[in-house]
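6 protein chains.
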Amino acid sequence: MKYGARNKLRAKVTSVKKGDVMALVKFQVTEPGEMASVLTTESVEELGLKPGDEIQVFIKAIHVMPVKE
Amino acid sequence: MKYGARNKLRAKVTSVKKGDVMALVKFQVTEPGEMASVLTTESVEELGLKPGDEIQVFIKAIHVMPVKE
Amino acid sequence: MKYGARNKLRAKVTSVKKGDVMALVKFQVTEPGEMASVLTTESVEELGLKPGDEIQVFIKAIHVMPVKE
Amino acid sequence: MKYGARNKLRAKVTSVKKGDVMALVKFQVTEPGEMASVLTTESVEELGLKPGDEIQVFIKAIHVMPVKE
Amino acid sequence: MKYGARNKLRAKVTSVKKGDVMALVKFQVTEPGEMASVLTTESVEELGLKPGDEIQVFIKAIHVMPVKE
Amino acid sequence: MKYGARNKLRAKVTSVKKGDVMALVKFQVTEPGEMASVLTTESVEELGLKPGDEIQVFIKAIHVMPVKE
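Chains as they are written, first to last, in the working numbering: chain A, 1 to 69; chain B, 101 to 169; chain C, 201 to 269; chain D, 301 to 369; chain E, 401 to 469; chain F, 501 to 569.
Keep in mind that the hints were calculated from the coordinates and are not lab data. Wrong hints could be hidden among the right ones.
Said to hold, decoys possible - Computed footprint of chain B on chain E; a stretch qualifies when at least three of its residues, placed anywhere within it, have a C-beta under 8 Å from a C-beta of chain B: (1) 403-411; (2) 427-436.
To be verified - List time: in silico DSS-like cross-link candidates among lysine-lysine, alpha-carbon distance up to 25 Å: (3) Lys50/A / Lys12/A; (4) Lys418/E / Lys117/B; (5) Lys26/A / Lys518/F; (6) Lys408/E / Lys518/F; (7) Lys68/A / Lys318/D.
Unchecked claim - Label-pair restraints from in silico Cβ distances: (8) Lys112/B / Pro451/E: 37 to 43 Å; (9) Lys50/A / Lys450/E: 47 to 53 Å; (10) Lys112/B / Gln28/A: 37 to 43 Å; (11) Ser15/A / Glu569/F: 16 to 22 Å; (12) Gly448/E / Glu134/B: 19 to 25 Å; (13) Gly452/E / Glu545/F: 29 to 35 Å.
We put the beta carbon where it would ideally sit given N, CA and C, even for glycine.
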């Protein structure tokens, strides 16, 4: 099975909160590894991003997709 | 500064590839911590997600936003 | 009216579930037609995608926008 | 394998265009089936969505994730 | 025509940069009006959001869809 | 602080509705400024977008991220 997504993390579920339509699942990442971001080249230049830079990475929870084997 | 995003990771940039409009930035996560996913309650039930489950987590690179302090 | 989205399907609503803030709408696609995906060239190469390949396509429900004429 | 996504379509790749960073993949849906959208309850009420309604559905290509078995 | 999106702005295109696969379009908002954000209730509480608060709003360019009449 | 997002607006919160998992926050944009959209070059050509065009811009509320200083 191969996926068209750059970021694949292994994790363990720590809590599940089911709402009427949406649910919030929390998990602990057990194998983080390398990640990737795609943004405009303009943004990269404005941020001045280069190897070695320490950054923070934000991801809205809605964009995180769990898969269970 | 506070952000309306559940997932905030600290990372170090490992490579930057600038294309004509979009760029691909890779980084190594240095502090993974807890993460969160929002999905439909229906999907949670179909997956049978519960605490302790080992899962894989997919995130398209386009949804990852770097921030530099 | 012209839209900056590659994927336009015709469909018929089959159910509507209204939650406190979010709602889940299901529909049957009546005219599927051709669809398109944008992903990193790296992912395309890792997947080895080429014409004729049979694939599965995943879309989180949150990224699907209904329009009513 | 189970995925936290409501929309899973079977499709056949018809073309692949690789750019410097991003690529555009087109495919023909071979099994459309039922699909789902999550939106605000406010939007559902403004659209007046109910079973039987004929709608158009828009999805930006960037939100479509191919998976290959 | 009615759309399942909370944010609808009127704008005038100021520049168009076409890349090999993706393009970057800039525009000046001419009628901003009210906007809306959906996030986890947890995030709202962590941010302590309440009427009257002055905030900044971030949107990745990839999530902005132009429509032409 | 620098962000990898093209669109940064200043706004004032007008209402907050907390649901069981997700919340809806409305705000009035106080400084709209220039915005940007990334879409396929194909879509740009199909729409015939060029400087001076008057467009409408749609953004699903889920893609809007508030930040508080």
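For each hint, the structure was consulted:
{"no.": "1", "hint": "403-411", "verdict": "violated (count 0)"}
{"no.": "2", "hint": "427-436", "verdict": "violated (count 0)"}
{"no.": "3", "hint": "Lys50/A / Lys12/A", "verdict": "violated, 32 Å"}
{"no.": "4", "hint": "Lys418/E / Lys117/B", "verdict": "holds, 18 Å"}
{"no.": "5", "hint": "Lys26/A / Lys518/F", "verdict": "holds, 19 Å"}
{"no.": "6", "hint": "Lys408/E / Lys518/F", "verdict": "holds, 22 Å"}
{"no.": "7", "hint": "Lys68/A / Lys318/D", "verdict": "violated, 30 Å"}
{"no.": "8", "hint": "Lys112/B / Pro451/E: 37 to 43 Å", "verdict": "holds, 39 Å"}
{"no.": "9", "hint": "Lys50/A / Lys450/E: 47 to 53 Å", "verdict": "violated, 39 Å"}
{"no.": "10", "hint": "Lys112/B / Gln28/A: 37 to 43 Å", "verdict": "violated, 21 Å"}
{"no.": "11", "hint": "Ser15/A / Glu569/F: 16 to 22 Å", "verdict": "violated, 30 Å"}
{"no.": "12", "hint": "Gly448/E / Glu134/B: 19 to 25 Å", "verdict": "holds, 21 Å"}
{"no.": "13", "hint": "Gly452/E / Glu545/F: 29 to 35 Å", "verdict": "violated, 44 Å"}
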